[in-house]
Structure formats: C-alpha cells, structure tokens
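Chains A and B, in that order, are what the protein sequence lines are. For the first sequence, position 43 matches number 43 in my numbering, and the numbering has no gaps at all. Count along the second sequence from 1, then add 1000; that gives the number in my numbering.
Keep in mind that the hints were calculated from the coordinates and are not lab data. Do not rely on the hints blindly, as some may be mistaken.
Cut-off 30 Å, straight-line C-alpha distance, at most; resulting in silico cross-link-like pairs (DSSO-like, lysine-lysine) [claimed, not checked]: (1) B/K1009 - B/K1160; (2) A/K59 - B/K1009; (3) A/K58 - B/K1160; (4) A/K62 - B/K1160; (5) B/K1009 - A/K58; (6) B/K1160 - A/K59.
Chain A side only, calculated, beta carbon under 7 Å to chain B, not exhaustive [claimed, not checked]: (7) D29; (8) A30; (9) G50.
Label-pair distances were calculated between CB atoms; the ranges are [said to hold, decoys possible]: (10) B/A1153 - A/R72: 53 to 61 Å; (11) B/T1158 - A/G68: 45 to 53 Å; (12) A/R21 - B/D1085: 39 to 47 Å.
Here the structure is a predicted model, which means the values were calculated and not measured. Beta carbons: idealized from backbone N, C-alpha and C, even for Gly.
The chain contents come next:
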Amino acid sequence: MSDVTVPQDPANALAAVAALRRLADQLEDAAVEQAMRAGWGWPAVAEALGVTRQAVHKKHFKRLVAAGVTLRRR
Amino acid sequence: MTGFGKYLKTMLDRATVEARLDGSATVEARHLLLAVVADQGSDQGSDPGRVLVSAGLDDSAIRAALSREFEASLNAAGVTRSVFDGLPPATPDPKHVPHLGASARLAVERGVGSASGPAPQPAHLLLGILQAEVGTVPRALALAGVDRADLIARVAQTLK
Chain A
1 MSDVTVPQDP ANALAAVAAL RRLADQLEDA AVEQAMRAGW GWPAVAEALG VTRQAVHKKH
61 FKRLVAAGVT LRRR
Chain B
1001 MTGFGKYLKT MLDRATVEAR LDGSATVEAR HLLLAVVADQ GSDQGSDPGR VLVSAGLDDS
1061 AIRAALSREF EASLNAAGVT RSVFDGLPPA TPDPKHVPHL GASARLAVER GVGSASGPAP
1121 QPAHLLLGIL QAEVGTVPRA LALAGVDRAD LIARVAQTLK
C-alpha cells in the first residue's frame, strides 16, 4: 500500500471513501454469512467485527434466515 | 395518481429490486438510472430510456460503466475487488426493502424541481439523475466517455 498515491483531487478522494464503504458493506454481509455457515455464534462474530451482538443480529439475522443458514444462539 | 406519479413509483420499485440484487442497503441514483433504461417496451413508451440507449447507454453499457467507476474509485485507495474473490458473496435477502438513499432522493428532488409546469414528465426524473455534478453516476458516465451536458440537452428535447 505504500506506493499508493493518496488522491489529491477531492472528488477522487471522496469517491474512494464512498466505494470503500460500499465494499466494506458487501464484505461484511459476505464475511458474516461465511462465519455463521461455519458455525460461529453471534457473540464471536460481533466481537470480531468490533460491534455489539445486538447490532450484528439486527443487521444480519433476517437475511441469514432467508438464506437458509443454520444459526447458533451462542 | 398522476402520470408522473405512476412512472416514478414504477421506477422506484424497479430501482428497489436493483438495489436488493446489488446487496445495497439503500436505493441510490445508480439504481434509478438502471430502472430508467430498463423501461423500453411499455405501452406508454418511454422517451428517457430510449434517449439513453440512443446515446450508447443500454443496460449492459450502464452496468459496465458503474462497475468501472467502483473499481476505479477503489483503486484510488489502493484496493481491488479481486482481492476478495475467494469470499463467497452474500446471499441477497429477497424480502429486504432498501430505503431511499441520499443520491436517489436528490435525483427525484432535482427532477421534480426542474419541471417548469405543475406536472413533471418522465424525462424529468432522468434529468434529475443526470444533473448530479458529483457522485457515482456522473463519474461512471465520464469514465464511459459520455458527454453529460449533451445527454442532458437530448433528454430535455424530449420534453413536451
């Protein structure tokens, strides 16, 4: 990453922020699903993401149920 | 519901589907643009969608441009999407209803605001999308070599 030039144009820098947020959201959905399919519980996923269990549950529970993922309570 | 109200609802419904497939929590202007270009074969006809296609912006061209913009913006921060190719993509939730995001809200407001008479026309929505000077859509169009000002003029010509 050290050879990356920080975008000097504000439009490019802001677009990079927007794209990184979008990618991070996509990655979070994918990574949480992968972890839960691998048998992780909500507390471990939440701790790994650095958010509360309630937050991760609220954000992902319905989608994972719809996706047919078997969810562990702990 | 007025003609424009009906058109707007159809576009928002279609954009919502696009957002869901995109795994996006919100409906954004890019999803509205895809909704507009998809509206080609309805009975009422749709000038906005046809203008886009006549400018070389069919569905696949718009998707390619949006994808290129995403990759280019990530690259500016030294990130590539392919780094995460090994991670299986998340399963979209078919019941999730994404709410209206800031860029889509602005597009609708600008479109309705640009109507001179009391009743906006379908083309006003596309004008609202195209009027954004910054953000994903104008960047994607620029990367695709589209002259946005010219496109806006062509859309405006279809106003009755």
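For each hint, the structure was consulted:
1. B/K1009 - B/K1160: holds (21 Å)
2. A/K59 - B/K1009: holds (27 Å)
3. A/K58 - B/K1160: Violated - the C-alpha atoms of B/K1160 and A/K58 are around 47 Å apart, more than 30 Å.
4. A/K62 - B/K1160: violated (46 Å)
5. B/K1009 - A/K58: holds (28 Å)
6. B/K1160 - A/K59: violated (45 Å)
7. D29: holds (3 Å)
8. A30: holds (4 Å)
9. G50: Cβ of A/G50 sits 19 Å from chain B, so the hint is violated.
10. B/A1153 - A/R72: 53 to 61 Å: For B/A1153 and A/R72 the Cβ distance comes to about 58 Å; the hint holds.
11. B/T1158 - A/G68: 45 to 53 Å: For B/T1158 and A/G68 the Cβ distance comes to about 46 Å; the hint holds.
12. A/R21 - B/D1085: 39 to 47 Å: violated (20 Å)
Consistency with the previously given hints fails for numbers 3, 4, 6, 9 and 12, ordered from lowest to highest.
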